[in-house]
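Asks: The residues making up each chain are set out below.
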Amino acid sequence: MSNPTTPVLEPEVDVRPAEDLAKPWKTVVFNDPVNLMSYVSYVFQSYFGYSSEKAHKLMLEVHENGRSVVATGAREAMERDTQAMHEYGLWAACRPMTESD
Amino acid sequence: MAAIDSRGDDVVLQLEDNERSLMLTVFTDLAALLGESDESGRPASENWEARLGLVERPRPEDPALLRLFPDVDPLDAERSEEFRRLTEFDLQQAKAHNVRIILNGLSQGPRISLTEDEILAWTKGLNDLRLVLAVRLGIDTEEAQEEKYARRDELDESEDLTLTLYDFLTWVQDRLTMTLLDGLQGDEEE
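In the order they appear, the protein sequences are chains A and B.
Quick note: the first sequence uses the numbering used here, first residue 147, plus one each step.
Quick note: the second sequence uses the numbering used here, first residue 44, plus one each step.
One chain only, chain A, in its complex shape:
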């Protein structure tokens, strides 16, 4: 039973606009001279569960094009992936998808 005189703390809820939830986001990995090709390939296989062929292709894209979109999806999932890439030491960013993607 609740006591109506007890002050109740209302949680602060950060409401994101509906279009923000529907809009797909992406995790981008950028090239840098430090990360080893073997290591980047390993991270893509072990974290995302990609096949060695797909991981190798994405790794080459990062190496040759300077960047590669390695995952797309809801904002929260892409933020989680980007945080994971940062834990591995890969240079990654999470941003909304654009027309050119």
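Honestly, the hints are just simulated from the structure, not real lab data.
Please note: incorrect hints may appear among the correct ones.
In the DSBU-like style, the derived pairs of lysine-lysine whose C-alpha atoms are separated by at most 35 Å in a straight line are [what the hints assert, rightly or not]: (1) B:Lys191 <-> A:Lys169; (2) B:Lys191 <-> A:Lys203; (3) A:Lys169 <-> A:Lys200; (4) A:Lys172 <-> A:Lys200; (5) A:Lys203 <-> A:Lys172; (6) A:Lys169 <-> A:Lys203; (7) A:Lys200 <-> B:Lys191.
Taking CB as the label site, the calculated pair distances span [stated by the list, open to error]: (8) B:Asp160 <-> A:Ser198: 30 to 38 Å; (9) A:Met243 <-> B:Arg154: 23 to 31 Å; (10) A:Glu245 <-> B:Leu204: 48 to 56 Å; (11) A:Pro242 <-> B:Asn61: 47 to 55 Å; (12) A:Glu245 <-> B:Glu200: 50 to 58 Å; (13) A:Met183 <-> B:Asp160: 22 to 30 Å.
By construction, the Cβ of each residue, glycine as well, lies at the ideal position given by its N, Cα and C atoms.
Chain A is already provided as a structure; the job is to place chain B on it using the hints.
Replies: Frame of chain A, contents of chain B only:
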């Protein structure tokens, strides 16, 4: 010269005394660098306000720390600031944990036996240390890296030693990563 052998599930990293003492020094430095972002004086693990994302976390001014703790999106300062406040504590704890595993291994002696989880912690920690050394050496692009090696004869003694250390750490990280890749290959074949 260092050597890495796979023995069943474990991997043995064998280091010369000078290699081991050098690695102890530089990873102790990395532990200090990672600890510096906590200014409360308490052990970082007890900093509940930071853990819960209740305190502001300023964007690092040291470019090496910024490379270890990058913006979630360099094109969006506001979102990066919020993300840093909510997640940087956990990232810092994860990186510090990897370094602790490495320092613990290095203190075992010249023959360091590593489980798969430990190898993963070592490769991440080696990568973080290489990121810091690359920033200190001014290696921020592949062109800058090529130029650094091309002009190796002109480097001063301390920069030359840092580059030698960087190469050594690259070799160890690459070899350990190969054992992780072999492990994945084994999983695929099963």
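Asks: Run every hint past the structure and note whether it holds.
Replies: So, going through the hints one by one against the coordinates:
1. B:Lys191 <-> A:Lys169: 43 Å, violated
2. B:Lys191 <-> A:Lys203: Between Lys191 of chain B and Lys203 of chain A the Cα gap is close to 28 Å, so the pair holds against 35 Å.
3. A:Lys169 <-> A:Lys200: With Cα atoms ~25 Å apart, Lys169 of chain A and Lys200 of chain A stay inside 35 Å; holds.
4. A:Lys172 <-> A:Lys200: 17 Å, holds
5. A:Lys203 <-> A:Lys172: Holds, at about 18 Å.
6. A:Lys169 <-> A:Lys203: Roughly 26 Å separates the two Cα atoms, so the pair holds.
7. A:Lys200 <-> B:Lys191: Distance of about 32 Å is within 35 Å: holds.
8. B:Asp160 <-> A:Ser198: 30 to 38 Å: Because 21 Å falls outside the window, the suggested range is violated.
9. A:Met243 <-> B:Arg154: 23 to 31 Å: 50 Å, violated
10. A:Glu245 <-> B:Leu204: 48 to 56 Å: 49 Å, holds
11. A:Pro242 <-> B:Asn61: 47 to 55 Å: Taking Cβ atoms as reference, Pro242 of chain A and Asn61 of chain B lie about 50 Å apart, which means the hint holds.
12. A:Glu245 <-> B:Glu200: 50 to 58 Å: 53 Å, holds
13. A:Met183 <-> B:Asp160: 22 to 30 Å: At 23 Å between Cβs, range holds.
In terms of the numbered hints stated before, the structure departs from hints 1, 8, 9, listed from lowest to highest.
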